[in-house]
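> Throughout the sequence shown, residue numbering follows this note's numbering, covering 786 to 1337 in sequence.
Honestly, the hints are just simulated from the structure, not real lab data. Hints may be right or wrong, so weigh each one.
No more than 20 Å apart at the CA atoms, straight line, and that leaves these computed lysine to any residue pairs for SDA-like [to be verified]: (1) LYS1327 to ASN1207; (2) LYS1263 to LYS1327; (3) LYS1297 to VAL974; (4) LYS1328 to HIS1127; (5) LYS1263 to MET1180; (6) LYS1297 to HIS1018; (7) LYS1263 to ARG1311; (8) LYS1315 to ALA1326; (9) LYS1201 to HIS1127; (10) LYS1315 to LYS1254; (11) LYS1297 to LYS1159; (12) LYS1052 to TYR1063; (13) LYS1254 to TRP1242; (14) LYS1052 to GLU1276; (15) LYS1263 to VAL1236; (16) LYS1159 to GLY1256; (17) LYS1315 to VAL1236; (18) LYS1157 to HIS1127; (19) LYS1159 to SER1208; (20) LYS1157 to LEU1191; (21) LYS1036 to TYR1012; (22) LYS1263 to ILE1299; (23) LYS1201 to ARG1227; (24) LYS1297 to TYR1012; (25) LYS1201 to LEU1265; (26) LYS1254 to LEU1265; (27) LYS1101 to GLN1032; (28) LYS972 to GLU1294; (29) LYS972 to GLN1032.
Each pair of labels, with its calculated beta carbon distance range [stated by the list, open to error]: (30) LYS1328 to ASP979: 28 to 36 Å; (31) PRO1228 to ARG1119: 19 to 27 Å; (32) HIS1033 to ASN1309: 43 to 51 Å; (33) ASP1108 to ASN905: 31 to 39 Å; (34) TRP1048 to MET1109: 43 to 51 Å; (35) ILE1065 to CYS996: 14 to 22 Å; (36) TYR1322 to GLU1124: 34 to 42 Å; (37) GLU1174 to GLU1274: 18 to 26 Å; (38) ARG1319 to ASN905: 53 to 61 Å.
Keep in mind that this is a model prediction, so the values were computed, not measured. Every residue, glycine too, gets a C-beta built ideally from N, C-alpha and C.
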Amino acid sequence: MFKKMVQYHRYHQWKKGDVCLDVCENNKRIARPKLLFLILLSFISFSFILAPLFFTSAPPTLSVLCKFPFFSSLYIYCFLFNIFFLIFFVVLADSFGFEDEGVVSTSSDVFASVCSSVSNGSICCDRSSIRSDICVMKGDVRTISASSTITLYRSNGYGSQVFGSSGENDETFQLEKIKPYTRKWEKSVMDTIDELDLVSKGENSATRHNCDVQHDVPAVFFSTGGYTGNLYHEFNDGIMPLYITSQHLNKKVVFVILEYHDWWISKYENILTHLTEYPIIDFRGDNRTHCFPEAVVGLKIHDELTIDASLMGRNKTVRDFRDMLDRAYLPRIRGLIQEEEHESQLRTNISAVSPSAKMKIATTEEKREFKKPKVVIIARNDSRAILNEDSLVKMARDIGFQVEFLRPQRTTELAKIYRALNSSDVMIGVHGAAMTHFLFMRPDSAFIQIVPLGTDWAADTYYGQPARKLGLRYIGYKILPQESSLYNEYEKSDPVLTDPDSVNNRGWEFTKKIYLDRQNVRLNLRRFHKRLLRAYYYSIAKKNGHVHHQIQ
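The task is simple: from the sequences and hints, build the whole structure.
Structure (structure tokens):
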């Protein structure tokens, strides 16, 4: 689940403005006109108007000034022109966002301000983001998958032409290259992503690539390669950026996927059908020429597992994304319930207890359980497992929780996990990709993340902060060295136990080998009891309508 930790820290430092190296070199540098320059310009302008006053033989008294041609219509016009010029210059400078000391602030996600008004027959690319590149093509857009090309055909004579190596005019007006994946800053994974050529050609070339399939809605091109296969990355790098990029199109969009996987389509079918009403195209597997009126190549991404309302149309937030998940999974959840009811009826055997009495007993038990807050414990299948899971389950039940234990597999249907968490009051789990499931919880539910040694920063950045933005009551439980399995492998004074940050600073390999792959957790139940009890009282208060403050 983890990425290269050093690169992560570098990226977030850049985002906060602490580091501005190569990224800034790629941005446009525009200096703001200094106030002194404006004053000097004003002084020179007025000097031409007032010069005659200072070259007269007598000092310019008030009576002389009143008689001087300064008040003639010509001078008045000059005066007004200078005032207008200065005001216009200042407003123009502000409108372009010029900064006093250097670089233009180009947010990584202000895609709308860069390519929102693309003229017909043109390609616009926004490369200002450290996370992803976005290109928009508008007009006669056609796919040529054999050459990894998307071509925009426009009338000849538009723009400057590019000549091939042979010197012949190939009618190419513009060429852009792009890898449509949202981890632009991480070279190692971007090297595995297929690159596309976006080409603008003259209309005469279009006859060589006739449309096999004509679409009347835009296309969004993106890759499901990279870290796909990891739940965190599937949502953070794929599903949420896809929602951000396409939701405003109201399902009137065709998705074209590079590094296409059948299993990914099946896994996210419930969500995809709420983002598009058209069949999804495998770019490599479909050699037909698909034609579109417009294409967006690449996906917009805001931050870790969240959505910035200020960058979205109609101020959409992560809660709107969560509402979409509700709509996506509800039909399947209803189907699961019907299947369970049908199976239950088939398993029902005739007993000594009358059917009516049996139903009454079952109903009473269900009501009793229903009143209890529900906690879902998500278990891990490899490292960072909770070694005393059984004791944790018993303690939760003793406190008063209804307990559901989940151990998700790669093949576990997401609708089943969504059903369990959507009906829960509290989720507990050890830091890792499975914590992405917090997106399945209702806002105002509680999320307890167990934080192993050496994972503090990542746990809060990738799950703690996004959970708060969703509206969850987040509780981070940072384990003590004695609660880590590493406590029995190292000397008590070893930096692995006493100073995990210094170990992480040595490189990703050390972080992964020590803290991620070899560490398990044995909870101090007396210590953890306090957090769980707090979550229980919060859940009870919520059920009674008395919740006002978020748990810290």
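> Are the hints correct? Go through all of them and say.
The hints, checked one at a time:
1. LYS1327 to ASN1207: Holds. LYS1327 to ASN1207 sits at ~15 Å (cutoff 20 Å).
2. LYS1263 to LYS1327: 25 Å, violated
3. LYS1297 to VAL974: It holds: about 17 Å lies between the C-alpha atoms, which stays within 20 Å.
4. LYS1328 to HIS1127: This hinted pair is violated, its Cα atoms lying about 31 Å apart.
5. LYS1263 to MET1180: 19 Å, holds
6. LYS1297 to HIS1018: 17 Å, holds
7. LYS1263 to ARG1311: At roughly 14 Å apart (the allowed maximum being 20 Å), ARG1311 and LYS1263 satisfy the hint.
8. LYS1315 to ALA1326: At roughly 17 Å apart (the allowed maximum being 20 Å), ALA1326 and LYS1315 satisfy the hint.
9. LYS1201 to HIS1127: 17 Å, holds
10. LYS1315 to LYS1254: Roughly 24 Å separates the two Cα atoms, so the pair is violated.
11. LYS1297 to LYS1159: This hinted pair is violated, its Cα atoms lying about 33 Å apart.
12. LYS1052 to TYR1063: 17 Å, holds
13. LYS1254 to TRP1242: Roughly 17 Å separates the two Cα atoms, so the pair holds.
14. LYS1052 to GLU1276: Outside the cut-off at roughly 45 Å; violated.
15. LYS1263 to VAL1236: Distance of about 5 Å is within 20 Å: holds.
16. LYS1159 to GLY1256: 18 Å, holds
17. LYS1315 to VAL1236: 16 Å, holds
18. LYS1157 to HIS1127: 26 Å, violated
19. LYS1159 to SER1208: 8 Å, holds
20. LYS1157 to LEU1191: Roughly 18 Å separates the two Cα atoms, so the pair holds.
21. LYS1036 to TYR1012: 26 Å, violated
22. LYS1263 to ILE1299: With Cα atoms ~17 Å apart, LYS1263 and ILE1299 stay inside 20 Å; holds.
23. LYS1201 to ARG1227: Given that 20 Å is the threshold and the Cα spacing comes to 15 Å, the pair holds.
24. LYS1297 to TYR1012: Status holds; Cα separation ~16 Å.
25. LYS1201 to LEU1265: The given pair, whose Cα atoms are some 34 Å apart, is violated under the 20 Å limit.
26. LYS1254 to LEU1265: Violated, at roughly 27 Å.
27. LYS1101 to GLN1032: 9 Å, holds
28. LYS972 to GLU1294: 17 Å, holds
29. LYS972 to GLN1032: Cα-Cα ~29 Å, so violated.
30. LYS1328 to ASP979: 28 to 36 Å: Check failed, 50 Å falls outside 28 to 36 Å.
31. PRO1228 to ARG1119: 19 to 27 Å: 22 Å, holds
32. HIS1033 to ASN1309: 43 to 51 Å: Taking Cβ atoms as reference, HIS1033 and ASN1309 lie about 49 Å apart, which means the hint holds.
33. ASP1108 to ASN905: 31 to 39 Å: 35 Å, holds
34. TRP1048 to MET1109: 43 to 51 Å: With Cβ atoms ~22 Å apart, the hint is violated.
35. ILE1065 to CYS996: 14 to 22 Å: 19 Å, holds
36. TYR1322 to GLU1124: 34 to 42 Å: 36 Å, holds
37. GLU1174 to GLU1274: 18 to 26 Å: Holds, since GLU1174 and GLU1274 (Cβ atoms, about 21 Å apart) stay within the stated range.
38. ARG1319 to ASN905: 53 to 61 Å: 59 Å, holds
Of the numbered hints given earlier, the model fails hints 2, 4, 10, 11, 14, 18, 21, 25, 26, 29, 30, 34; all others are met.
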